Each structure stands twice: as C-alpha cells, then as structure tokens.
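Here is how the chains run, residue by residue.
There are 4 protein chains.
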Amino acid sequence: MTKIRMGLLGAGRIGKVHAAAIASISDAQLVAVGDAFPEAAKALAASTGAEVRDVEAIINAKDIDAVLITTPTDLHATMIEQAARAGKAIFCEKPIDLDLARVKACLDVVTKEKALLMVGFNRRFDPNFMEVRRQIEAGAVGTVEMVSITSRDPGPPPLDYIKRSGGLFRDMMIHDFDMARFLLGEEPVSVYATASVLVDPAISTAGDVDSAAVILTTKSGKICQINNSRRATYGYDQRVEVHGSKGLVSAENMRETTVEVATGAGYTREPLMNFFMTRYTAAYRNEISAFIAALKAKTDMNPSGNDGLKALLLADAAALSVKEGRVVAV
Amino acid sequence: MTKIRMGLLGAGRIGKVHAAAIASISDAQLVAVGDAFPEAAKALAASTGAEVRDVEAIINAKDIDAVLITTPTDLHATMIEQAARAGKAIFCEKPIDLDLARVKACLDVVTKEKALLMVGFNRRFDPNFMEVRRQIEAGAVGTVEMVSITSRDPGPPPLDYIKRSGGLFRDMMIHDFDMARFLLGEEPVSVYATASVLVDPAISTAGDVDSAAVILTTKSGKICQINNSRRATYGYDQRVEVHGSKGLVSAENMRETTVEVATGAGYTREPLMNFFMTRYTAAYRNEISAFIAALKAKTDMNPSGNDGLKALLLADAAALSVKEGRVVAV
Amino acid sequence: MTKIRMGLLGAGRIGKVHAAAIASISDAQLVAVGDAFPEAAKALAASTGAEVRDVEAIINAKDIDAVLITTPTDLHATMIEQAARAGKAIFCEKPIDLDLARVKACLDVVTKEKALLMVGFNRRFDPNFMEVRRQIEAGAVGTVEMVSITSRDPGPPPLDYIKRSGGLFRDMMIHDFDMARFLLGEEPVSVYATASVLVDPAISTAGDVDSAAVILTTKSGKICQINNSRRATYGYDQRVEVHGSKGLVSAENMRETTVEVATGAGYTREPLMNFFMTRYTAAYRNEISAFIAALKAKTDMNPSGNDGLKALLLADAAALSVKEGRVVAV
Amino acid sequence: MTKIRMGLLGAGRIGKVHAAAIASISDAQLVAVGDAFPEAAKALAASTGAEVRDVEAIINAKDIDAVLITTPTDLHATMIEQAARAGKAIFCEKPIDLDLARVKACLDVVTKEKALLMVGFNRRFDPNFMEVRRQIEAGAVGTVEMVSITSRDPGPPPLDYIKRSGGLFRDMMIHDFDMARFLLGEEPVSVYATASVLVDPAISTAGDVDSAAVILTTKSGKICQINNSRRATYGYDQRVEVHGSKGLVSAENMRETTVEVATGAGYTREPLMNFFMTRYTAAYRNEISAFIAALKAKTDMNPSGNDGLKALLLADAAALSVKEGRVVAV
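Chains as they are written, first to last, in numbering that gives the first Met the number 0: chain L, 0 to 329; chain P, 0 to 329; chain R, 0 to 329; chain H, 0 to 329.
Among the hints, a few may not be true.
What the hints assert, rightly or not - If the Cβ cut is set under 7 angstroms, some of the chain L residues that face chain H in the computed set are:
| # | residue |
| --- | --- |
| 1 | 131 |
| 2 | 188 |
| 3 | 244 |
| 4 | 245 |
Said to hold, decoys possible - Lysine-lysine pairs mimicking DSSO-like chemistry, simulated, CA-CA at most 30 angstroms apart:
| # | chain 1 | residue 1 | chain 2 | residue 2 |
| --- | --- | --- | --- | --- |
| 5 | H | 103 | H | 309 |
| 6 | R | 245 | R | 93 |
| 7 | H | 295 | L | 41 |
| 8 | L | 2 | H | 297 |
| 9 | R | 295 | P | 41 |
| 10 | R | 322 | H | 218 |
| 11 | H | 295 | R | 218 |
| 12 | P | 295 | P | 245 |
| 13 | P | 61 | L | 162 |
| 14 | P | 218 | L | 162 |
| 15 | P | 15 | P | 218 |
| 16 | H | 322 | H | 15 |
| 17 | P | 15 | R | 15 |
| 18 | R | 2 | R | 61 |
| 19 | P | 245 | L | 322 |
| 20 | R | 15 | R | 295 |
| 21 | P | 61 | P | 297 |
| 22 | R | 297 | P | 295 |
| 23 | P | 309 | L | 245 |
| 24 | L | 309 | P | 295 |
| 25 | R | 15 | R | 2 |
| 26 | P | 15 | R | 2 |
| 27 | R | 295 | P | 15 |
| 28 | P | 2 | R | 295 |
| 29 | P | 2 | P | 113 |
| 30 | H | 162 | L | 2 |
| 31 | R | 245 | R | 297 |
| 32 | H | 322 | R | 322 |
| 33 | R | 309 | R | 297 |
Derived by calculation from the structure, the hints in this document are not laboratory data.
As the structure is a prediction and not an experimental result, all values here were calculated from the model.
All C-beta atoms, glycine included, are put in the ideal place defined by N, C-alpha and C.
Isolated chain L, as found in the complex:
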C-alpha cells in the first residue's frame, strides 16, 4: 500500500495538531514541513522525522502528493492556487479567505486545475456531531424541522487577533453556519442576525461584536437558530439540537471526567473542556483521516471549497443583517 506523501505548510499550533494526526495514520507520511519562521519548521520536523523545506519547494516537490495549509489566513488563497497549479491535493484550514470575491477567484483556479480541495471545518468530524448527522440520515428524527446551535468560547481571543479576524461571523460563527448546512440538509435562503458587545467594550473599539444570535430559514421553511458568545465561564460550550417530525437528536458538551461531588451545597460536576484543541482532538484526527481516505479512494472532497464559500456567504449575510438591521436574502 502506497502512503500519501504530505507536505505541511505552517508549523504553528494547528500545524502541530495535523502533524500528529498524520503520524497516527498508516496510509500517510509527513515528508516535509515549511514555515516562514524556520525555527518553527525545524522544531516540528525534528519531532516528526520530516524534512524542513521552503514553502515553495514543498508546493512544487515531486515527492509530495498533498499539502496541508495551516498558515495565517491571508496566505490561504494564494497557496491553494499555487498548489492546485502544481497538481497537489490540498487540505486547507478554514477560511479560504475573508473576502468573498477572493474566495471565488481561488475556487475558479481550483476548478480549472481540477484540483482536489478539502476545507477544514473540523466540527463535521467531531464524533458527537457525526453521530447526530448519522441519526438524521438513519431517519431517527424524521424530517428535520428546526436546528439549534449553541457555540460559546471560554473567553475572547486577543484584540490583535480580533482586528484581523474578519469579525465574529466570519471567524467564529462560520463554524456554526457550516454546521447548520451540515444538519439542515437544505440551503438557507434568508438570514437575520443581531449582535452586541456585552463581554468587553474593547471589542467594540476593535470594530467587532462578542455576542450574537442568528435565525436562518430555508426555502421549505426549516429554521435554524444559532447563538454565539465570546465568553462562557463554565468552559467551551458546543451543543447542537435537531428537532424533526419524529423526534429530537442532540449532542451535549464534553468533560474531562465523569466525576460528581455531592454535598449540602448540591451536586457538582466539573466545568466543560475549555480549549478547542482538547475538545476537538478526535475531530482533528478524523478530518485528516477523511482527507487521506478520500485521496486513496478517489472520492469527492467533503467539506469542499464550495462548502467554504457557502459558509462565508452566510457569514457575510449575517454581518450585513446586523449592519443594516434587516433580514438578508441569500
């Protein structure tokens, strides 16, 4: 069995996660790591047995089948185009770009080059949310009618990050827009969003919001509610609930242990896992496995570049809805 030979572009936090995933997959091999900071690439290469190479060299290497793009967002689209032209299969962290026109141009190149592109919406690969989807497909809840998504971060990111993030809808809720599409089974046609700064006034100064709620409606009348907050004192709150004609399927939060302490003050369980990399450990591993498996089986990439585009369309519509205080058709 030939292994898929991988090049990793970006040796930061998420790059390390993906490198560990590759190491655990027998069908894949990490050949080279590149990063604008050579020290980062060196450290990761040393611990994985991969070589350090220039980013450009990796993209054009003969001995590499696929690249994983985990660089800062503003480099994604260009690297996707370069890799597509170089005939590489591509896994790229979300988003492709914060600008819709740029995303479309990038996807045009991908299409023209017939390149294989998977976008890293990791939550689709979380065992809980996969099981929710599986239950829907198995008919456990009948026809889907209403989806509710709660997604709250333990705390806000640094202001510097927020300024470059594209805003809460493009940076944070984009995961929930993708989850909505994953669970609704039908495209939203209208978006209403409301948003506030309740967590930290500095976020307002940075031009963003920290609390938001959205309603999506599909053509046949299915409804999706989403709420986001940049603060949840009790951990990383990530739940979905799908209500259908035959019942309800829901995924609850995750904890490190199942321990409960009971005293005169009540029954207390620990807070939720509070870091996305811990909470989604299995999801990160599963998505890289799915990418490798799709390459081996020559099946369609899922989620695709188009999925990345559609989630961004919803995020843009939500931002516009807040700005103009009106419902936005998609």
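Fit chains P, R and H to the given chain L structure using the hints.
Frame of chain L; chains P, R and H shown alone:
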C-alpha cells in the same frame, strides 16, 4: 384570620384546576361558581362545596372578595371591567383579549377603578422557572446576556381551536414572551420572527403557523431566542437557559419518574410529561397562592395587567414581523 | 358508588398525611379520628370534617369499614388484633411489632378472624420503584440477577427515637428488606450484615449502629446488596438498581427542581429532597388508594401481614449476623 | 534529558498498548521487543522502530534501563526475579502470580535486589478514578465511610481463559480489591463474599463463578461493597462511589458520544463503551507515564509489588469465603 372569599367564573378544565388550588389554601374559600353551562357549574360546585350562582350575581355579590375568570377568552375583558367596577379583586387567565386596543381599554377601566388584577401567566410560578429567576436575582450568573427558550407542545390543538386562537404568537408563544420579560430584566425593543407550517398543512389553511423562531433584542443589547413547535413526539418540551457574565442557569424538562432502562440498545428514560396541566400542576397551585397572598398582604399584583399587555405587544410584533418579513421595533 | 368509611387511629405526623390522602380519594371518607392526645385528634378532625371519637369506639363503630393505624409502634399489634376481631379492614403502618413472636401471634389472630390487613411499606408505591418493578415484570431486563439498594437518611433521628426504634435494621433497613423482596422475586435464604458507628458515637451508646451493609442471597443464587447510612449531607438518598440477564433498570433520586447553575466552579444541581414525607408524597397517597381499591375490588392485600413478617425476619437475621459476625440462614 | 530505555517482554495485545504509550512519552524510548512468538515481536518492532531480541537478552541488556512484562501470567514472577537480579526497573502487568506463596517469594527477591517494581493496576490511572481519589484527598467528602464499586464485563471471556484465570476473584475482582484499597485509605480486615453462576452454566463446569458480591470491612468500621458480573448487555459497567462524612463523590461510566435521541419511545443514549482497552485508553497511557516519571524522579513505585500482594490476599480471602460460606479475617 379572615379567608379571602372567591367566586369562580368558568367551570371548565382550567376552572377545576383553580378550584382545587383554592381548596388547598387555608386563606381562601370558594364561595360560588358560575358558568354559561349550568351543568358544569353544578358539578364543580358539588365537588367543592361552593354554591352555583349566575356569573353576574357572583361579580356583584357582597360576600365575595375576588373573582377568578376562566371563561373563554372573548369574555375576559368585559368580565374584568365588570368585576373592576364591582370592586372585586381579579385573577384572569391569559390573555386579557386577543386585540390590543381592547386590552388597553380594559386596563384603563382597571386603572380608573383602582382594581387589583393579576394575569395568569402560570409559568412564572413553575418551581423550576422560579428557581432560575431566583438564581438570577441572587447574582449566580452575573449580568444576564442571552436567554434561550424552547417551548414545544406534544401535538397541535384542534383546528377549531386554532382558528379562534389568535395564532401561534398570541396563543402559544405569548407564554414565552412573558417568560423572556421575566428573565431578561429589560424590555425588548426589537422583534424578528420567522414561522412555517411543518407539522400539518391544515394549520396553514386555518390561517396559522405551527413552527416559529424569534429573536428579541433589548436596548442594552441583551438577546433572547425563542422557538416553538406544535409537535414534539417526546413530550411537552419546556426549557429555559439564561447565559450571563458569570455563568449559565438552566431549567430542564420534567418526567413522571427517574427510571432508566439499559440494554444493548442503549440507556432509555421515559418521554417527558406530555400534558400542560400535569406539567404545570405546581405552577397552577402556586399562582393562586400568590394571588391570595398578594390580596392578604395588599402588595402589587404580579404578573399585572400591564404584563399581559406587554406580552401581547410582543406577540403582535412577531406576527407583523412574519407577515412583512422584517424586523419590528416595539 | 358506596364510599369506604374510614377511622384513623393516631393523629400525628403520618396520620395527617394519610388523612390528606383519604380526602383526595373519591371512594373513601374519613368518618372519625382518635388519638391518645385529644387535642391532636380535634385539630385533625377540624381540618378534615371528621368526628373525634375514642380509639376503642372507632375500632368498634358500626359506621366504619376500615381503620388506619398510625399510632406509636408498641400499640400496633394490639390494635390490629382488636380491629380484626371487630371485623374491620386494617391498614397499619410498618412495623407490626419489633418482636417477631408478637408479630406471629398478631398475624394468627388476623388469619383466624379472616381480617384484611395491609402493612404500610410505602416505598412499594413510589412511582419510581413501581416503574422499576413494572419494567421487571415486562421483561425489560430479563431474569433478575443482582439488586443494589442505597438508602441513606439526611441525618440521624433523635437518640430517644433510636433507643426505642429496634435498631437500624428493624427501623430503617426494614424498608430495604421489603424492597429487596419486592424486586428479587425470590426469598433470600442467607443474610450477611456488617455495621459500624461512623456518624455519631452517641448512637453506639444508645446501643445502635448508624452505617451498615448487607448481602442477601436467594436459593437460585440471586444477590442483593443494601447499604444504609444515618447521614447523607446531600439529601435523602434512595436508589435502586436491578441487573438482569437482558439489562439494567434503575431509579435515581428526586429533586425539587431541574435547575442547574454552571460557572467556573462547575455545574451544580441542588441537593436531593431531604425529608421522607416530601420525597414519598406520591407513595403515601398511592398506598392508601391501593388499600381502598383492594377493599372495593375484594382482592388480596399487598403488602400483606406476611410481607411485614418476612421483612422483620430479614432484619432480625441481619442484627444477628452483626452480633455474631457470621452469615445467618433464614 | 536522557530517555529511559525500555525493553518490552510480550508483544501481544496489551504489549502493543504499552508500546504505543511509550511512543507518546518523550522521556522514554522502546529499545527492544521480545516474545516467545518471534513473528509477534517482529511485527511490533517494525511498527515501533525497536529491535527484536530474545527475552533473556532484553532482561540482561546493558542498553536497557527498564522492562515491561506483558507475557502470560505464569511467566510474570520468574521474569520479575530475573529482571530484578539484572538490575532492571520493572513494570509488570497484574497479577504477579495467581499463587500467594509464589508472589511472596518473588517479592522477596525484589526486596533483596532492591529492584524497583510497579504492578499494572491500570484503573488507578483512569482519569475518573484519579479524580475521585483527588477529591477524597482534598477533603471534599470528609472522612471516608462507605465505598461502593460496580464492575461488570460486557460478556464472559472464553472458557479456556476462565480455566486458567485463577477464578473471578483473582482475575476480575482483583482490580476492584485494589480500587477498594485505593479509595478506602485503610486496609480491610474482614471479607465476606457470595458468588453464583447466573450467566452461563459452562462457567460452573469450568470451576468458576460469574456473578459475585463482596463486603470488606476495615478496622475502624469503614465498609466497602463490590459487585461483579461477567455480563452487562449495556456495555462495560465501571463505577465507584465514595460516601464520607461531608458528602459523596462518584465516577460514572463512559460513552463514545454525548448524543441522545428523543422520540415517543423515550430518550435514549448509546450503550457504554464495551471494551476494556477502549474504556481504559487514557489509564494505560497514564500508568506508563507514571512508571517513567517515578524512574526519572527516583520516587517510590505506586502501585508497588506489595499492592499486588495485598489485592491477591483479598481475592484469596473472598474465594475462601465463598467456599466455606463464612466471613474471613484478613
């Protein structure tokens, strides 16, 4: 200790519930029951030891301190006015009327007569929701930021009822609008609603919807999400969740027992309580107790006629939002 | 439909509970109340509309069909015998007596007089434990193999009570011995018990223990574990678990509300209901209903005097097991 | 930082688990693998980068600091002795031996050679049970009074295995005896056990039992209940509960996902994880980490050879209790 002498106007299903509540309260006594159907009044009088009297006679009786109005909705406003003029304290089932102008006219009479009026938003007296409110007031979750309310009926009411109901927002979600006000601690200033017919096309023919979601926003940016469905195969789904600066407080659903069966097919608990009168047994008793206690202590009525008006304003705004496909300012 | 005419012997705490139960049952009527303390009888009579009569008069009254014995334990056996001879149906609070020989003599009279006798093991009528039994009978868990019963009181009773109680096994664990028989579906043939004083040394001085664990074994090898403590800081801990060839059925504890508060310190639910009369409200009502229903339907009493005897046999065996540090055959 | 150089004796199922653990620990390196079946050793060596060597060669190698013994049980004691004499640190899977005298002789050699020996009671390293212990040590439940341990396997092992296993108490409940000692904080002084064949009569023919319950009592009167079954249709049931003067701490079971499906038939969660290697994945990794950490820090091994001995003493006492139908002092 003098007992509050009560007259019950309406001997139907909910009238019986309130009669049982009065029987369990040592400070109150049911003196008389009246109903347009004398047989109904007779039956209830027989089982409670009260007299049967004409509705008008009860309203004007010298030996009655307070009336409970549990007649059909279209009689509420007129009876409130009559009772107010007769110097009676009044408990009236929600809604005061389906028409906003009529409600306002009625409340003007109440104000002019300095009558005491409590409106039957029973959910405020559910032990779970009372405890949620108590936790908020105790500061357990800090400043309230987001409220989520799920409210789904086991199945739709008869079409005849739906036709006379004023529509889902005025008939069903009005409870959730009141709950939103109860928990937000600040008045909503904008309403967006979306609604669909997903449960039964006949409901559409009857001019109503059966599934809906709403976002309320307050001046300071607090957000409330509500969802309603006329169908929940798994029982009467009634949950609230309040997210604040310091944490989250939530009330879960109720079941008849705490039993769980585990087999190779999984761990199964029974469906939820599926009838509102069972689910809210304690709430119905508590609200009548609160009415009596307020009369004895001469404190303000809570929820008041104004609370009834404000919930109706939100329901009207939601209906308009759906009709015109836009956000409505309140 | 003729009502069963009841006489209540004992107007104390538990007598009041049963009087309220009778008031809520349309097939029954409380005719008279008797108590060694006339004031207690008067107060209860006043609030229920019953007459005050002497205990002897009630037992021998022509206009009374059945008596409820809720006097102190040392009067139970004699009153049962008197009522049996007077042709009354009898409901008696557990235990019939603390002395096995006395119980046997009493039951001989009951048998000779062909009297109907129900013993108040209220837990059999708790909705949760009834449902566990119903699931077993419906075959949900296959053949019963192991039963686990946890039964812990919020705190120890007064020392005076403990001295007269017959000891933890006859006073407290007797409920669990009855529950074991109710769930095992087969009589235990061997008892091993261990017991300690861990809660309060004064209990040792009073000649009793406050913590105990028991293993019962049946002829076919089914096993039952029971544990008791006179202290549970977190409320009244009452759980059962039945493991069978096809699965597990369990009943969890009960709380006043379903509210949970989540903060950085974790997710906290309130302590358990902590008073047996609140925890078993429905059970007390259900057992009186069952007594009335059995009288009306002329079916066997369940639990019977024999059930009272068998539970006491197990309690005696457990006490002997602790005393002699050995397994005791029953 | 020098890595601890490891030799693995036994390349079977559990050997692979430990090899994977070593690979994930930066302070350790797997140098060589040995197995009576060279093919097994070769396969594991190939996937880990270790060499294949004879078992004897590994035990005596100059370039190996510590050995992991994961061979069949009957080789454990001899290998421990050989490794102790060769100056190696030793991690050995439980049990040291099924025969108490043999265990004592082996531990004498370990003591004489001043060898470091850790015994693989993996459950002490399960995150849930570690947290229970941590809560006890932090004083969350005050003085420990009663411990309850439920431990049920999804299904019985092959009869061949059962025949060689030493019986349920030495093979299966030995983990629970160790857990009891881990949580009680005091040595049991008396053991009572009852056991039955309820799952499969063939187990009786093989000389063993499949269902058992035990009560352990300590000198100060602390009580521990344990129950075991070789069958649990609903998965691998592994729970502990510790009741103390100030409260209760418990660890619940584990599932693959947090998903729940609600329909008219009720609310259903999936069965438990049903394979010990999946259920205790983290525990296996944690115990090897603890072994390496103790070697690096030169601290005592925990659990030690003595812990292995004490758990076996309890298992022997339980087997004797069943055989002779009496309480056994330890």
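Status of each hint after checking the structure:
A least Cβ separation of about 6 angstroms between residue 131/L and chain H falls short of the 7 angstroms threshold, and the interface hint therefore holds. Violation of the interface hint for residue 188/L is found here, the shortest Cβ-Cβ separation to chain H being roughly 28 angstroms, above the 7 angstroms cut-off. Of the supplied interface hints, the one on residue 244/L is violated, with its beta-carbon coming no nearer than about 10 angstroms to a beta-carbon of chain H, more than 7 angstroms. Because the smallest distance between the Cβ of residue 245/L and any Cβ of chain H comes to about 6 angstroms, under 7 angstroms, the interface hint for this residue holds.
Distance check on the hinted pair: residue 103/H and residue 309/H sit about 10 angstroms apart at the alpha-carbon level, within 30 angstroms; holds. About 34 angstroms separates the Cα atoms of residue 245/R and residue 93/R, which puts this hinted pair outside 30 angstroms; it is violated. Note on residue 295/H and residue 41/L: the hinted pairing holds, with a Cα-Cα distance of about 27 angstroms set against a maximum of 30 angstroms. Annotation: proposed proximity of residue 2/L to residue 297/H is violated, straight-line Cα distance about 42 angstroms (limit 30 angstroms).
About 28 angstroms separates the Cα atoms of residue 295/R and residue 41/P, which keeps this hinted pair within 30 angstroms; it holds. Taking the CA atoms of residue 322/R and residue 218/H, the gap is near 16 angstroms; set against the 30 angstroms cutoff, the hint holds. Among the hinted pairs, residue 295/H with residue 218/R is inconsistent with the structure: their alpha-carbon atoms are about 55 angstroms apart, more than 30 angstroms. Between the alpha carbons of residue 295/P and residue 245/P the distance comes to roughly 37 angstroms, so the proposed pair goes past 30 angstroms and is violated.
Straight-line distance between C-alpha atoms of residue 61/P and residue 162/L comes to about 71 angstroms, which puts the hinted pair past the 30 angstroms bound. Our distance criterion of 30 angstroms between C-alpha atoms is met by residue 218/P and residue 162/L, whose separation comes to about 26 angstroms. About 41 angstroms separates the Cα atoms of residue 15/P and residue 218/P, which puts this hinted pair outside 30 angstroms; it is violated. Restraint check for residue 322/H and residue 15/H: the C-alpha separation of about 38 angstroms exceeds 30 angstroms, so the hint is violated.
Our distance criterion of 30 angstroms between C-alpha atoms is met by residue 15/P and residue 15/R, whose separation comes to about 25 angstroms. Distance check on the hinted pair: residue 2/R and residue 61/R sit about 14 angstroms apart at the alpha-carbon level, within 30 angstroms; holds. With a C-alpha separation of about 28 angstroms, the suggested pair residue 245/P and residue 322/L falls inside the 30 angstroms cut-off, and the hint holds. For the hint pairing residue 15/R with residue 295/R, the CA-to-CA distance comes to about 23 angstroms; that is within 30 angstroms, so the pair holds.
Taking the CA atoms of residue 61/P and residue 297/P, the gap is near 20 angstroms; set against the 30 angstroms cutoff, the hint holds. Simply put, residue 297/R and residue 295/P have alpha-carbon atoms about 48 angstroms apart, too far for the 30 angstroms limit, and the pair is violated. Under the criterion of a C-alpha separation no larger than 30 angstroms, the hint pairing residue 309/P with residue 245/L is inconsistent with the structure, at around 35 angstroms. Distance hint between residue 309/L and residue 295/P is unfulfilled; the C-alpha atoms sit about 61 angstroms from each other, more than 30 angstroms.
Distance check on the hinted pair: residue 15/R and residue 2/R sit about 20 angstroms apart at the alpha-carbon level, within 30 angstroms; holds. Of the supplied pair hints, the one linking residue 15/P and residue 2/R holds, its CA atoms being roughly 22 angstroms apart against a limit of 30 angstroms. Between residue 295/R and residue 15/P the alpha-carbon distance is near 27 angstroms, which keeps this suggested pair within the 30 angstroms criterion. Between residue 2/P and residue 295/R the CA atoms are separated by roughly 37 angstroms; this puts the pair beyond 30 angstroms, and the hint is violated.
With a CA separation close to 22 angstroms, the supplied pair residue 2/P and residue 113/P stays within the 30 angstroms bound. With a C-alpha separation of about 44 angstroms, the suggested pair residue 162/H and residue 2/L falls outside the 30 angstroms cut-off, and the hint is violated. A C-alpha spacing of about 36 angstroms is found between residue 245/R and residue 297/R, which places the hinted pair above 30 angstroms, so the restraint is violated. A distance of roughly 22 angstroms separates the Cα atoms of residue 322/H and residue 322/R; the hinted pair therefore holds under the 30 angstroms criterion.
Between the alpha carbons of residue 309/R and residue 297/R the distance comes to roughly 24 angstroms, so the proposed pair stays at or under 30 angstroms and holds.
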